[in-house]
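Asks: Given chain Z's structure and the hints, the job is docking chain E with the ligands onto it.
Each chain, written out:
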Amino acid sequence: MKFFEFDTIREIFSTMRQSKLRTFLTGFSVAWGIFMLIVLLGSGKGLQNGVSSNFSNYAVNMVNVWPRRTNMPYKGFKAYRRLRFRDQDMEMLKNHFPQIDKASGIISLYGNTVSYGKEYGNYGINGVMPDYKDIRMLSIEAGNGRFINNIDMSEERKVVVINQRVADNLFRGEEPLGKYVQIGGIAFMVVGLETKTSNDENGYCYIPHSTAQTIYNRRGYTDEFYFTVTGMDSPEANEAFTLALRKTLARSLIVHPDDTAAIGVWNMAENYVQTMRIFSTIQLFVFIIGLCTLVAGIVGVGNIMVITVKERTREFGIKKAIGASPSNILNSILIESVIITGVFGYIGMVLGIGTLELLSLIMENATGTGGDGPKVFLNPSVDLNIVLVATGILIASGLLAGYFPARRAVNIKPVEAMRAE
Amino acid sequence: MRQLPIEGQLPFYLSKSIGGMILLEKLNKTYPGVQPLHVLKDIDLSISQGEYVAIMGASGSGKSTLLNVLGILDDYDTGRYLLDGKLIAGLSEKKAAIYRNKMIGFVFQSFNLISFKNAMENVALPLFYKGVSRKKRNQLALEYLEKVGLRDWWHHYPNELSGGQKQRIAIARALISQPRIILADEPTGALDSRTTDEVIQLLSQVNAEGITTIVVTHERSVAEQTKRIIHLKDGYIESDNINIPSLTACSK
Ligand SMILES: Nc1ncnc2c1ncn2[C@@H]1O[C@H](COP(=O)(O)OP(=O)(O)OP(=O)(O)O)[C@@H](O)[C@H]1O
Ligand SMILES: [Mg+2]
Numbered sequence: 001m002k003f004f005e006f007d008t009i010r011e012i013f014s015t016m017r018q019s020k021l022r023t024f025l026t027g028f029s030v031a032w033g034i035f036m037l038i039v040l041l042g043s044g045k046g047l048q049n050g051v052s053s054n055f056s057n058y059a060v061n062m063v064n065v066w067p068r069r070t071n072m073p074y075k076g077f078k079a080y081r082r083l084r085f086r087d088q089d090m091e092m093l094k095n096h097f098p099q100i101d102k103a104s105g106i107i108s109l110y111g112n113t114v115s116y117g118k119e120y121g122n123y124g125i126n127g128v129m130p131d132y133k134d135i136r137m138l139s140i141e142a143g144n145g146r147f148i149n150n151i152d153m154s155e156e157r158k159v160v161v162i163n164q165r166v167a168d169n170l171f172r173g174e175e176p177l178g179k180y181v182q183i184g185g186i187a188f189m190v191v192g193l194e195t196k197t198s199n200d201e202n203g204y205c206y207i208p209h210s211t212a213q214t215i216y217n218r219r220g221y222t223d224e225f226y227f228t229v230t231g232m233d234s235p236e237a238n239e240a241f242t243l244a245l246r247k248t249l250a251r252s253l254i255v256h257p258d259d260t261a262a263i264g265v266w267n268m269a270e271n272y273v274q275t276m277r278i279f280s281t282i283q284l285f286v287f288i289i290g291l292c293t294l295v296a297g298i299v300g301v302g303n304i305m306v307i308t309v310k311e312r313t314r315e316f317g318i319k320k321a322i323g324a325s326p327s328n329i330l331n332s333i334l335i336e337s338v339i340i341t342g343v344f345g346y347i348g349m350v351l352g353i354g355t356l357e358l359l360s361l362i363m364e365n366a367t368g369t370g371g372d373g374p375k376v377f378l379n380p381s382v383d384l385n386i387v388l389v390a391t392g393i394l395i396a397s398g399l400l401a402g403y404f405p406a407r408r409a410v411n412i413k414p415v416e417a418m419r420a421e
Numbered sequence: 001m002r003q004l005p006i007e008g009q010l011p012f013y014l015s016k017s018i019g020g021m022i023l024l025e026k027l028n029k030t031y032p033g034v035q036p037l038h039v040l041k042d043i044d045l046s047i048s049q050g051e052y053v054a055i056m057g058a059s060g061s062g063k064s065t066l067l068n069v070l071g072i073l074d075d076y077d078t079g080r081y082l083l084d085g086k087l088i089a090g091l092s093e094k095k096a097a098i099y100r101n102k103m104i105g106f107v108f109q110s111f112n113l114i115s116f117k118n119a120m121e122n123v124a125l126p127l128f129y130k131g132v133s134r135k136k137r138n139q140l141a142l143e144y145l146e147k148v149g150l151r152d153w154w155h156h157y158p159n160e161l162s163g164g165q166k167q168r169i170a171i172a173r174a175l176i177s178q179p180r181i182i183l184a185d186e187p188t189g190a191l192d193s194r195t196t197d198e199v200i201q202l203l204s205q206v207n208a209e210g211i212t213t214i215v216v217t218h219e220r221s222v223a224e225q226t227k228r229i230i231h232l233k234d235g236y237i238e239s240d241n242i243n244i245p246s247l248t249a250c251s252k
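Line by line, the protein sequences give chains Z and E.
Numbered continuously in my numbering, the first sequence closes out at residue 421.
Numbered continuously in my numbering, the second sequence closes out at residue 252.
What the hints contain is simulated information worked out from the structure, not anything from laboratory work.
Idealized CB from N, CA, C, for every residue including glycine.
Among these hints, one or two may not hold up.
Chain E regions said to be covered by chain Z (calculated; three or more residues, Cβ under 8 Å) [stated by the list, open to error]:
1) 64 to 73
2) 151 to 158
Dumping the calculated PhoX-like pairs for lysine-lysine here, alpha-carbon to alpha-carbon at most 25 Å [stated by the list, open to error]:
3) E/Lys86 <-> E/Lys117
4) Z/Lys413 <-> E/Lys41
5) E/Lys227 <-> Z/Lys310
6) E/Lys102 <-> Z/Lys413
7) Z/Lys20 <-> E/Lys117
8) E/Lys117 <-> Z/Lys413
9) E/Lys135 <-> E/Lys117
10) Z/Lys413 <-> E/Lys135
11) E/Lys136 <-> Z/Lys413
Same shape as in the complex, but just chain Z:
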């Protein structure tokens, strides 16, 4: 007799129907295990996605450095001196810290009038370097031109990248690329349209850093630095980096080493790494709970299989007396076990994923539609592989749990089996 045959399946369903409660209980423990695993893992992921999405206005490994006033007299300089960053400070930092990946100075001016034809508005003007785009994760989609490049920088070109807000206000649907806008009375050609910050209240214009230095009378100077850093995945490493950065910059600007307030540093990575560390802890926790649920499922399946086999010993005896071989009976128990765990595992999976979707929907509505406010829950999802492995484990444990008692029961002499009950 073949292991898998339609008749065998029919036979199994007839025995399953005869003990609906047992079938249901086995199935329930499996479905519940899978369901909980999915909901737990998914919620953990959703929480993580939600919170980390709040970081997405910046590269997560961004460092922002800005000059302030000194608070202590040092080497002949009086206290309360206004600090300024110079071009060579940035070069020095780039050379000194191999962790620095992308780097850009920025010269920011607010409330400059920008006009195109009759339309005008007050927007922030940022003189930036090519790397700035990646550091702030700005986006210029295909067909929307380009960002500031190195040639713009070296030739101090009068080109500008505007964001969606500026384009909307000044061009009103007209194609902005190649047009000239007036910034502080100087004509700049629009070379790019930036769309990432389209939801921002503010309009932004990005011009070459070198051009900004010249026009705004800041030759050799910059307002702030932006970096991305790599290779530091612990809060400690980031803290050490921040400290070293302050010290190095302080030496270069002749600031007292203890005058930490003189230089402003915002290390995004420090926050990010910390947050992510909390999340990996939460995820581990969730995973352990999920695993425990799974173990409970396994124990449930195992228990029920043991009882099943015991309960049916007499039936097995009768079947053997009328010609069933031990393998006939063993196979039917095992297939039954696989079918129950498989089917209910699938049900648990579908319900779990459905619940996650529902949860995601509810949370999205709760935080306000399309809101830009901080999110806590986003795209809860589970790795399908984990689910499949979990289902596999349950099926396998159902098999094992069924196999050993079944093999014993099946090899009992029919007389003894029929005496059971």
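Replies: Just chain E with the ligands, lined up with the frame of chain Z:
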């Protein structure tokens, strides 16, 4: 399985050539335990193809044990058991299942029908294990139900049937795989006299078709329908006589 050179080793009168369907030689069985119970003692027995045999004896004399050994539902300790010329000893459950499936049909005192299957499915079950298709199986099951006069009851479940009906269904189930031997352990033990007659008639009919039939019974009236009566006493064969129905009928 070890195959014996039967012709050479056995006395000619026991050999297969004259239809030695069942051969027991000095067969012993002891139930182990704190107080081991020696149930079958040096049983020598030969039953030929087509015989109709009753096994009688007091309660505890070892009748059921003997029948279970014959049906390979249980094993024995010493001696030999040859079924259709093949030595039955220390078989794996798998081998035993093959022999049972091929050779033997059982009828039990307590019917042993599967409660969640209807009459037809119960009768058809042995064929399932022989790999017969469902359609064929059910069709044959209906034929055998017809034979035991219960065709119209095919869709009833065991708990909807009387004892006599259940036993007739059990007999149909025993017959459907066309066994060479029917072993019945007190098939009428749970039945009243009217249904007892029905069941015995059926068994006689089965035997008339050439199937070796062995019936364990307490009831004289049942035994007298058979052609050979074996009496067991404390695990020995006390007597083994040809039963001539007309004679016993006269002596009554
Ligand atoms: N599994 C067992 N373990 C131990 N002793 C047993 C077992 N089965 C039967 N016996 C004992 O063996 C003896 C013979 O039992 P058996 O069932 O063969 O008797 P029987 O002739 O069929 O009796 P009855 O007419 O009551 O059915 C009895 O004393 C019984 O108690
Ligand atoms: Mg008995």
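Asks: Would you mind marking each hint as holding or not holding in the structure?
Replies: Checked hints:
no., hint, verdict
1, 64 to 73, "holds (count 3)"
2, 151 to 158, "violated (count 0)"
3, E/Lys86 <-> E/Lys117, "violated, 34 Å"
4, Z/Lys413 <-> E/Lys41, "holds, 21 Å"
5, E/Lys227 <-> Z/Lys310, "violated, 42 Å"
6, E/Lys102 <-> Z/Lys413, "holds, 18 Å"
7, Z/Lys20 <-> E/Lys117, "holds, 15 Å"
8, E/Lys117 <-> Z/Lys413, "holds, 23 Å"
9, E/Lys135 <-> E/Lys117, "holds, 16 Å"
10, Z/Lys413 <-> E/Lys135, "violated, 31 Å"
11, E/Lys136 <-> Z/Lys413, "violated, 30 Å"
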